[in-house]
Amino acid sequence: MSLMQELLEIIDECLGLKGRALKFSVDTALLGAIPELDSMAVVALITAMEDRFGLSFNDDEIDGEMFATVGSLSAVLQSKLAA
Amino acid sequence: MRREAFFLESGGGKRFCLLSLPEASQPLRGAIVYFHPFAEEINRSRHFVATQARNFADAGFAVLQIDLHGCGDSSGDFGEATWAGWLADGLAACAFMQQRYPAPLWLWGLRAGALLATDVARSLSQTFNQSLGLLLWHPWLSGQQGLQQFLRIGMAAELLEGAEKGQDNFRRRLEGGDPVEIAGYVISPDFARELQGVDLLLPESHCKFAWLEFSSRADATLSFAAKSVITRWQNASHKGDARVVMCPPVWQRLDTPVCPELSALSLSALTGAAFL
Numbered sequence: 001m002s003l004m005q006e007l008l009e010i011i012d013e014c015l016g017l018k019g020r021a022l023k024f025s026v027d028t029a030l031l032g033a034i035p036e037l038d039s040m041a042v043v044a045l046i047t048a049m050e051d052r053f054g055l056s057f058n059d060d061e062i063d064g065e066m067f068a069t070v071g072s073l074s075a076v077l078q079s080k081l082a083a
Numbered sequence: 001m002r003r004e005a006f007f008l009e010s011g012g013g014k015r016f017c018l019l020s021l022p023e024a025s026q027p028l029r030g031a032i033v034y035f036h037p038f039a040e041e042i043n044r045s046r047h048f049v050a051t052q053a054r055n056f057a058d059a060g061f062a063v064l065q066i067d068l069h070g071c072g073d074s075s076g077d078f079g080e081a082t083w084a085g086w087l088a089d090g091l092a093a094c095a096f097m098q099q100r101y102p103a104p105l106w107l108w109g110l111r112a113g114a115l116l117a118t119d120v121a122r123s124l125s126q127t128f129n130q131s132l133g134l135l136l137w138h139p140w141l142s143g144q145q146g147l148q149q150f151l152r153i154g155m156a157a158e159l160l161e162g163a164e165k166g167q168d169n170f171r172r173r174l175e176g177g178d179p180v181e182i183a184g185y186v187i188s189p190d191f192a193r194e195l196q197g198v199d200l201l202l203p204e205s206h207c208k209f210a211w212l213e214f215s216s217r218a219d220a221t222l223s224f225a226a227k228s229v230i231t232r233w234q235n236a237s238h239k240g241d242a243r244v245v246m247c248p249p250v251w252q253r254l255d256t257p258v259c260p261e262l263s264a265l266s267l268s269a270l271t272g273a274a275f276l
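Protein sequence lines, in the order shown, are assigned to chains X and Y. Going by my numbering, the letters in the first sequence line up with residues 1 to 83, in that order. Going by my numbering, the letters in the second sequence line up with residues 1 to 276, in that order.
Rather than coming from a laboratory, the hints here were simulated on the basis of the structure. None of the values given here were measured: they were computed from a predicted structure. Be aware that a few hints might be false.
As the list claims (entries may be wrong) - Simulated crosslink set (SDA-like; lysine to any residue; CA at most 25 angstroms straight-line):
{"#": "1", "chain 1": "X", "residue 1": "K80", "chain 2": "Y", "residue 2": "E158"}
{"#": "2", "chain 1": "X", "residue 1": "K23", "chain 2": "Y", "residue 2": "A218"}
{"#": "3", "chain 1": "Y", "residue 1": "K165", "chain 2": "X", "residue 2": "K23"}
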């Protein structure tokens with residue numbers, strides 16, 4: 001499974017979108033655009049990425065920009081994995 | 001199935017309790033005390049847990065759900081809660097059940113409740129010489145981990161309100177001796193400090209455990225962190241095992257999923273069937 005597909009699955013599961021997220025594209029807006037993305041869902045997304053990819057996010061690495069779109073989140077994930 | 005609601009005295013206050021019981025004609029297979037999760041997770045998991053409690057009662061178990069100090073319909077504000085107080089509430093609930101229902105005792109907890117259940121079991125085992133069972137649903141691995149996740153919710157809320165970056169004010173304010181409010185819940189600096197000192201530890205003896213990790217993936221294996229704890233417990237000769245079960249995070253989601261596998265595995269553990 002590609003990174004993008006895994007990320008979309010994580011988004012779908014954490015927000016309870018029942019498959020809708022699997023059709024998202026790189027440009028799909030997240031923060032502020034999806035009502036299910038509340039503060040608990042943001043934390044669930046971070047935790048899920050940490051668990052699934054074996055990563056650890058410092059609190060100061062987390063900003064609003066990374067959650068702007070699917071693409072911005074994917075970029076952060078990719079750079080953490082490459083580090 | 002029958003239901004009873006009442007208040008239990010604990011810590012100088014009243015704790016709301018809901019008892020789900022089998023039909024009077026059914027033989028009692030065990031007594032279960034349920035420990036709920038932290039803050040908003042209580043509300044999000046409420047319906048799911050209520051259904052499960054009913055299932056357990058239908059299967060012959062007496063199930064007590066207690067609202068801890070400052071939670072649900074119990075007295076006190078969340079900001080006044082302490083881990084020591086919650087431990088005392090748990091012990092009061094267990095004492096009530098042991099006195100009324102002479103049957104094997106199980107402590108069932110979800111997330112922070114699972115961590116609390118192990119702490120209660122440790123206190124209980126000193127005075128209680130019968131076998132205790134722990135049914136742990138996706139436990140907090142430590143108070144520290146749980147606190148970090150909770151503080152992150154506060155940070156996430158700031159991001160949603162338009163802040164560019166999480167300020168990490170929350171931790172600093174707590175360390176400075178000030179309470180913080182996150183998603184409508186106040187956490188006191190004392191409580192935060194207590195949480196940082198709580199770890200997943202089992203009593204020295206007379207305890208068996210069933211650990212169920214929730215995952216939305218069908219092919220998931222037990223997380224590395226859970227495996228570490230369980231291996232430590234098994235090496236210390238504790239009887240028990242863990243499984244990953246396909247079920248979304250019911251403590252975080254707004255919808256209420258249906259998870260027959262979780263029910264079945266939980267019941268297997270309680271009735272001493274294949275699982276353990």
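Hint-by-hint comparison with the structure:
1. With a C-alpha separation of about 23 angstroms, the suggested pair K80/X and E158/Y falls inside the 25 angstroms cut-off, and the hint holds.
2. Taking the CA atoms of K23/X and A218/Y, the gap is near 20 angstroms; set against the 25 angstroms cutoff, the hint holds.
3. For the hint pairing K165/Y with K23/X, the CA-to-CA distance comes to about 29 angstroms; that exceeds 25 angstroms, so the pair is violated.
When held up to the earlier numbered hints, the structure conflicts with hint 3 and nothing else.
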